[in-house]
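Q: Now for the letters of each chain:
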Amino acid sequence: MNEKILKVLEQNAKATPLQLATMTGVPVSEVKETIEQAERERVILRYKTVINWEKLGNERVMALIEVKITPQRGVGFDALAERIYRFAEARSVYLVSGTYDLAVLVTAGSMHEVANFVSQKLSPLEGVQGTVTHFLLKRYKEDGEILDGKEESHRLAVAP
Amino acid sequence: MDSTRTRKQLIADRVAGLSPSGIRKFFDLLASLEGVISLGVGEPDFVTPWRIREAAIYSLERGYTSYTSNYGLPELRKELANYLRCLYSIEYDPQGELLITVGVSEALDLALRAILNPGDEVIMPDPCYVAYSACVTLAGGTPVPVPTTVENGFAIRAADIESRIGVRTKALLMGYPANPTGAVLTRPELASICDVATKHGLIVISDEVYARLVYDIEHTSFPCLPGARENCILLGGFSKAFAMTGWRIGYAAAPREILEAMTKVHQYTMLCAPTVGQMAALEALRSGENDVVAMVEDYNQRRRLMVKGLNDIGLACYEPKGAFYAFPSIAATGLTSDQFAEKLLNEERVAVVPGSAFGSCGEGFVRCCYATAVPDIEEALRRIERFVKRHRMP
Ligand SMILES: Cc1ncc(COP(=O)(O)O)c(C=O)c1O
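If you read the sequences in order, they're chains X and Y.
Residue numbers for the first sequence, in the working numbering: 1 to 160.
Residue numbers for the second sequence, in the working numbering: 1001 to 1394.
No wet-lab data here; the hints were simulated from the structure.
Among these hints, one or two may not hold up.
[Said to hold, decoys possible] Far from chain X by the CB rule (all over 12 angstroms, computed), these chain Y residues:
#	residue
1	R1014
2	E1043
3	P1188
4	K1308
[Stated by the list, open to error] Simulated restraints, written as ranges between beta carbons of each label pair:
#	chain 1	residue 1	chain 2	residue 2	range
5	X	I146	Y	D1195	47 to 57 angstroms
6	X	I146	Y	L1060	19 to 29 angstroms
7	X	Q37	Y	V1296	21 to 31 angstroms
8	X	H154	Y	S1019	21 to 31 angstroms
Each residue gets a CB set at the ideal place from its N, CA and C atoms; glycine is no exception.
All chains should be modelled from the sequences, with the hints used to inform the complete structure.
A: This is the structure:
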């Protein structure tokens, strides 16, 4: 599978097959095949847009929740991780090394909703030993994009 | 007193005789317009990678604000020797064969001043980087341009060099990958040039500031060719590869005797390259490789877009394999390159540089820099297309 095509798409999901073909030097037909195959095999999971909601005054609450869990015989952390990631509130779930086991990124409409999710859904789960909730106060960089004050080049318009 | 006479005498003949860079003119015109997309730049559109900037800031915090050795920071020269060994398997002794300079610009000036006697001739390709002929003149030499053509991909040919060698010919000055053409030389082409230079005892000044910016090919460094090193002054820099134009750091690598002579000039005229820039360059060599690879891939994508776009519009453009310039022919319009650039700027607000600014063989071409954001390249191409449709020769 042509990774160059995927790398361009990862940066710009709107790039057309023709643009991709020109930029990577791969024939259009091959670009189309690659994309179809990548979608079919779930190498491409989704086309997404990084939005700065704060600009619209649309304050969504995000929290990073540390979850300490007891691994279960035979399935380790996976079964419990699955119980957690099936909740729609859980935007990302990672197994991590260190002082806790799962890092759960949650988005919700209000702090109250997050608190509810943690106290009603997450904490009571069998095998969850404890949680620590960190509310996100400010987003500086998201998916490699700096939200405010993106760096501009200060080049002169004409140079030798 | 006759004031015109005194004014004329104020400036040395050598300097008064230099024509101002053809690029300057456009700069003034451009400043008066709004909404211009500029393809007229000659530098990366990336800001220097943060890890490099951060290292420079840290060096300031630690108080590295004094002069360095005339040759440059010892660690930087050591790292540079290592870099050249890794890239090209070539050995330069950090003690006495490497000199850190204020950009390739200073290194070029030093090289010429170190080797030229008044009236010595220096052969160079036409078109070429604007500074070459001016620097030769300022160093007391005489530039001898060798025409290159699009049919030959703007590569200078050994036979053409040889046919211009006379008793006063001292050196060959060339820069590949080339500004403004994006041309590169293949290893066999370089080898035949090396043969001619050796046969006639020429010093070869090889400006390889764009060495890292090559696409789908490998760069051959001139001194790597068998027998080339002894008569070669290799110039290289950080400006283009690491997006560090404003830091002003470059280097020269040459056999001891030549490098000593260059250092003599450097120590009296410059003392040393800026310390904070050298610190940044050190970090670039130590950890900047991934950034270089990523930027090259990015340029390559934009290069393909630009070259295909220009060809689709009807401005025939051969494939430039290096640097970040496309050099399309504007023959389809029947305009001179000066007219083309000026009208395009006024009518469509796209800045390009007329090929004639780089020598008479650049006439009929314009330089378009593709180190520009993709949406801007696409918009510039749309505007150029409109322009060409309007001005197409009947
Ligand atoms: C061919 C060539 N040589 C040298 C230079 C100057 O490089 P530096 O920034 O290292 O002085 C440039 C800059 O545009 C160039 O195009």
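Q: A separate judgement is required for each hint: does it hold in the structure or not?
A: We went through each hint and held it up to the structure:
Its beta-carbon lying about 20 angstroms from the closest one in chain X, R1014 of chain Y satisfies the requirement of being farther than 12 angstroms from that chain. Listed as a non-interface residue, E1043 of chain Y fails to keep its Cβ farther than 12 angstroms from every Cβ of chain X; the least gap is roughly 6 angstroms. With a least CB separation of 24 angstroms from chain X, P1188 of chain Y remains clear of the 12 angstroms interface cut-off, as annotated. With a least CB separation of 5 angstroms from chain X, K1308 of chain Y falls inside the 12 angstroms interface cut-off, contrary to its annotation.
Look at I146 of chain X against D1195 of chain Y: about 52 angstroms separates their beta carbons, and that is inside 47 to 57 angstroms. Between I146 of chain X and L1060 of chain Y, the C-beta spacing of about 23 angstroms keeps the proposed range 19 to 29 angstroms intact. Checked against the given bound of 21 to 31 angstroms, the beta carbons of Q37 of chain X and V1296 of chain Y, roughly 27 angstroms apart, stay inside it. Between H154 of chain X and S1019 of chain Y the Cβ separation comes to about 29 angstroms, which falls inside the hinted range of 21 to 31 angstroms.
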